[in-house]
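Engineer: For the record, the sequence lines run as chains A and B. First residue of the first sequence: 1, per my numbering; consecutive thereafter. First residue of the second sequence: 1001, per my numbering; consecutive thereafter.
Hints listed in this document are in silico derivations from the structure and should not be mistaken for laboratory results. On a predicted model such as this, the values are computed, not experimentally measured, just so you know. Here a beta-carbon is modelled for each residue, glycine too, at the ideal position from N, C-alpha and C. Some hints could be false.
[Said to hold, decoys possible] Short derived list, chain B residues pointing at chain A, Cβ under 7 Å:
| hint | residue |
| --- | --- |
| 1 | GLY1065 |
| 2 | ILE1113 |
| 3 | ARG1192 |
| 4 | ASP1195 |
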Amino acid sequence: MVELIGIRNLSFSYGKKEVLKGINLSINKGEFVGIIGPVGSGKSTLLLIMNGVIPNLINGNFDGEVHVRGMDTKTSKVSEISKSVGIVLQDPNSQIFSLRLRDEVAFALENRKLPADEVERRVNKYLSLFGLQSMKDEDPNNLSEGQKQKLAVASTLAMEPELILLDEPSSSLDFGGALEMYKLLSKLNRKGITIIVVEHDTEMLVENVGRVLLLKDNAIELDGPPAEVLSNPKIVKYGLKVPCIFRGRKVKK
Amino acid sequence: MIAFIPGNSSIHRVDARVKILYLAFLLLILVTKGSLEVILPFSFVTLLLYRVSGISLVQPLKDLGKGWLFIMLPIPLHMLVNPGAGLYFGVVSSLFLLNMILISLLNIYTTEIKSLLQALVFFKVPSELAFMLTISIRFLPLMQEQMTRIKVSQALRGYETKSLSLPMPLIVPLMHSSLKRAMQLAISLESRGFDPENINVAIDLELHKMDYLLLILLPIVFFALF
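Isolated chain A (complex conformation) (with noise of 0.2 Å):
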């Protein structure tokens, strides 16, 4: 197994305000892994330091370690983690900023001087994947919320990066836009690309993740698959919905 992302003794706080503590994570190549927990428990927190957002970009007292795929968070560029990690963010008007579609999908291939063909064909494949290639030379201020959500996952994805983290990536979408979103996240990790997701939608976590990590109080409380996580009695302790097909068992209990 080959670790790409290690987390070893974390603390990060904003002054005396603590947001994660004590996190010792291990993420391996392949993996697709769902991160659940009431809402201030630090999950978007927890998805920003593995990138190197936290702390290059963004201040705080951080103490542990970061080696995203051997590289120290603490003195790696985030544009150098980039190479292999792509985010998406939870709010899509927030980091879209181009006047076209085609602009939005490319940024991320320019900054990295790609070849122009390679830009076209990476820009031409991520929007017909999302439907948006009859758009693309349109503003994205002209789109829906959901088509908004699509384009910032496809800008990332063009990326083709190693590892992909999302912050609710199906908040802005309706429940068969949120199943196709999944659908595409499964089949690009069954090619082999690790995907970390913070959802609220514990459904769609059941069939798609292979682990679950539970965010309780700023630290990791569990850590396993769907099954075992999703169907605990504490999800429902902390406000989370438990998925309709783990519902009989915890009658049960």
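Guided by the hints, dock chain B onto chain A, whose structure is given.
Structural biologist: Okay, now just chain B, sitting in the frame of chain A:
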């Protein structure tokens, strides 16, 4: 919204670098020759440019909103300070501001942001600054939308803007959302390999017949006027 308005007018087709040169030239005329004799024909040129571009004058009227009050402000101010010739100087100052804003907006309405960025970098504006400027222009419409949403939500809770007090219930949420958006954008850009210390902007602008003609014309007009 203060943003590029797609079109195919001759002004839309002019190279972004030529447009910036002309914008600088027109602003220079305004600043150095700020008399009514110059500003009146200048205003005619501004109107003509809008006509050629196919952009309605209603557009800047909508975009500036209450900013029009700021443009008109010199008139009462001059009249207060100088009761005799105050009206004359007030009108000159207001027309000066109006023309400056209208032609600057026309440049934004008729130039794609990408071309604007390339043109700024071509003129050796530091790439970081050029990038910041173009991103600001890109986010202006979103800020305007956000402002409308905030206004509606505060009005629904009974808030009314009072003329002589700072509209804090509007300013605070707008500042908060703008700063949050800026932070998120910075994270997203750097996560996609953007290195602010090493911005490379490929310039693929191309000059056409019309651009060459305008470039030849520019020094002739310049020497005729100065």
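Engineer: Name the hints, by number, that the structure is in violation of.
Structural biologist: Checked against the structure, the only hint that fails is number 1, while the rest are satisfied.
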